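So the sequences go chain by chain: A and B.
Heads up: the first sequence begins at 147 in our numbering, then just goes up one per residue.
Heads up: the second sequence begins at 116 in our numbering, then just goes up one per residue.
For the record, the hints were derived by calculation from the structure and aren't laboratory data.
All figures in this text were calculated on a predicted structure; none of them were measured in a lab.
Please note: incorrect hints may appear among the correct ones.
To be verified - Partial selection, computed: residues in chain B whose CB lies under 7 Å from chain A:
#: 1; residue: Ala-189
#: 2; residue: Asp-207
#: 3; residue: Phe-216
#: 4; residue: Arg-219
#: 5; residue: His-221
What the hints assert, rightly or not - What the simulated footprint calls covered on chain B by chain A, stretch by stretch (three residues with Cβ under 8 Å from a Cβ of chain A suffice, anywhere in the stretch; the number is not a length):
#: 6; segment: 164–173
#: 7; segment: 200–206
Claimed, not checked - Looking from chain B toward chain A, a few residues come up when the C-beta cut is under 8 Å (computed):
#: 8; residue: Arg-192
#: 9; residue: Ala-193
#: 10; residue: Leu-197
#: 11; residue: Leu-220
#: 12; residue: His-222
Backbone N, C-alpha and C fix where the C-beta goes; we use that ideal spot for every residue, glycine too.
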Amino acid sequence: MILRVAWAIAAKDLRIELRSRAAVSAVLPFAATILLALGFALGPNRLLLEQTAPGLLWVAGLFAAVELCHRSYQAEAANGALEGLLLGPAEKGAVYLGKAAAAFAQLMVLFTLTTGMVVVLFGMPVGPSPGRLALTAVLGIAGLSAMGALLGLLAVQGRTRQAALPVIVLPLVTPVVIAATRATGALTQGTPAGVDGWLGLLAAFDAAFLAAGYLVFGNLLED
Amino acid sequence: MIGSAVRLSRVTRQFDGLAAVSQVSVDVEAGETVWLRGSNGSGKSTLLRLIATAISPTYGGGAVLGHDLVAGRAAIRAQTDLLGHQTRMYDDLTAAENLRFACRLHHADPAGVEEALERVGLQEVASVRTGNFSHGMRQRLALARCVLRAPRLILLDEPYAGLDPDARVVVDDLVAEARVGGRTVLLASHEAPPIRLLDRDVLMDGGRLVTAPDPAPAP
Numbered sequence: 147m148i149l150r151v152a153w154a155i156a157a158k159d160l161r162i163e164l165r166s167r168a169a170v171s172a173v174l175p176f177a178a179t180i181l182l183a184l185g186f187a188l189g190p191n192r193l194l195l196e197q198t199a200p201g202l203l204w205v206a207g208l209f210a211a212v213e214l215c216h217r218s219y220q221a222e223a224a225n226g227a228l229e230g231l232l233l234g235p236a237e238k239g240a241v242y243l244g245k246a247a248a249a250f251a252q253l254m255v256l257f258t259l260t261t262g263m264v265v266v267l268f269g270m271p272v273g274p275s276p277g278r279l280a281l282t283a284v285l286g287i288a289g290l291s292a293m294g295a296l297l298g299l300l301a302v303q304g305r306t307r308q309a310a311l312p313v314i315v316l317p318l319v320t321p322v323v324i325a326a327t328r329a330t331g332a333l334t335q336g337t338p339a340g341v342d343g344w345l346g347l348l349a350a351f352d353a354a355f356l357a358a359g360y361l362v363f364g365n366l367l368e369d
Numbered sequence: 116m117i118g119s120a121v122r123l124s125r126v127t128r129q130f131d132g133l134a135a136v137s138q139v140s141v142d143v144e145a146g147e148t149v150w151l152r153g154s155n156g157s158g159k160s161t162l163l164r165l166i167a168t169a170i171s172p173t174y175g176g177g178a179v180l181g182h183d184l185v186a187g188r189a190a191i192r193a194q195t196d197l198l199g200h201q202t203r204m205y206d207d208l209t210a211a212e213n214l215r216f217a218c219r220l221h222h223a224d225p226a227g228v229e230e231a232l233e234r235v236g237l238q239e240v241a242s243v244r245t246g247n248f249s250h251g252m253r254q255r256l257a258l259a260r261c262v263l264r265a266p267r268l269i270l271l272d273e274p275y276a277g278l279d280p281d282a283r284v285v286v287d288d289l290v291a292e293a294r295v296g297g298r299t300v301l302l303a304s305h306e307a308p309p310i311r312l313l314d315r316d317v318l319m320d321g322g323r324l325v326t327a328p329d330p331a332p333a334p
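This is chain A alone, in the form it adopts within the complex (with noise of 0.2 Å):
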């Protein structure tokens, strides 16, 4: 049951996402904007936009999470559906999941778009384990859309939480960008030692903010 009702939150998101095209067309052109005008300032330094690269990438990720998990409540606030979410006899872990698995889909193919624009635009070599990197672009996504997914909501919830959320969310997922950072910088340089490490700082972070988020969700939804 749990997973069914998480299935139909997600796919609903996703839909709304298909049909109004929301995340992208805000994020995308955000996210390209902060790597052009860093690129810029950092000059034409083949090797000094090599290194930051993996930062800048993991920054742009960062933005573009907060951006989106904004605006896939702003469409639940809408009309009340928030409420309708809320007065539901579903188990409200159950949306939260759904939330998270539909912000997770979305990241990763504006993650992707935007690793494409780092690669074009910094030079960053990919390095000799793709999968690796894969896997620290999986782990790392997930942790920001886990995050983003709970405190989201608080954004819809009041002028006061709207104004917290960026308190609240940064300190909270610097762990994550610092380690998928990491990992990143050090598979793109092709000195993997340590990488490791990270992902499973990377994972352990997953399994937390989705318990906690899965745990306190309906809370946050009650009046």
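Using the hints, position chain B against chain A.
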């Protein structure tokens, strides 16, 4: 009549220290249709939202369909539908998709979606996104959702607002069908519903019940 569908005892709900509903005690028998009347701002919508468990009481308590208003929220929600000012639809989904999603969320059978749309006269626009719907069409769609769910307790908040005569008939038919089916209906409106549909009426003013039928004893 079999027991109480709604039994509230001295329920108060405050927003920023101001009471929208104050010391309300009310007892609605199962199967009754009650018109909750009163002017704008009298507390009708807040009272319905309290009964639907969309909000919690600041003070007081009670039971809905035999379940505690706070501890039994999940059980109450499974058997209650609130049709409020907002229709809870997604603009980028079609009418049929909105209903199918509601079915999945409420564990209802989506097989009756087409029939429900036909009941409210929206079968021709089943595949149109609700973002293109008028207010009246959205209200009809919310009624279709209620038809699909067939809840034991139906809470209608200003159901006639912005509806044309044909759509008003749809509301009246829903209430009449609920009466026949032994379901309980609380209808909050400053407009009078057809008297044949009602068992009794209750007047609210300034967040209080002015005519309080059968106040429930304090728990």
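Right, here's what the structure says about each hint:
With a least beta-carbon distance of about 6 Å to chain A, the hint placing B:Ala-189 at the interface is held under the 7 Å criterion. A least Cβ separation of about 4 Å between B:Asp-207 and chain A falls short of the 7 Å threshold, and the interface hint therefore holds. This hint holds: B:Phe-216 has a C-beta 5 Å from the nearest C-beta of chain A, less than the 7 Å allowed. Restraint check, B:Arg-219 versus chain A: the minimum CB separation of about 4 Å is within 7 Å; hint holds.
The beta carbon of B:His-221 comes within 5 Å of a beta carbon in chain A, closer than 7 Å, and the hint placing it at the interface holds. For the segment 164–173 of chain B, the proposed coverage by chain A is satisfied: 5 residues have a C-beta within less than 8 Å of a C-beta in that chain, meeting the threshold of three. Evaluation of the coverage hint for the segment 200–206 of chain B: fulfilled, as 7 residues show C-beta separations to chain A shorter than 8 Å, against a requirement of three. Taking 8 Å as the C-beta cut-off, the interface hint given for B:Arg-192 holds, the closest approach to chain A being about 5 Å.
Proximity of B:Ala-193 to chain A holds as hinted, the smallest CB-CB distance being about 4 Å (cut-off 8 Å). Of the supplied interface hints, the one on B:Leu-197 holds, with its beta-carbon coming within about 6 Å of a beta-carbon of chain A, less than 8 Å. With a cut of 8 Å, the hint placing B:Leu-220 at the interface with chain A holds, because the nearest CB-to-CB distance is about 4 Å. Of the supplied interface hints, the one on B:His-222 holds, with its beta-carbon coming within about 6 Å of a beta-carbon of chain A, less than 8 Å.
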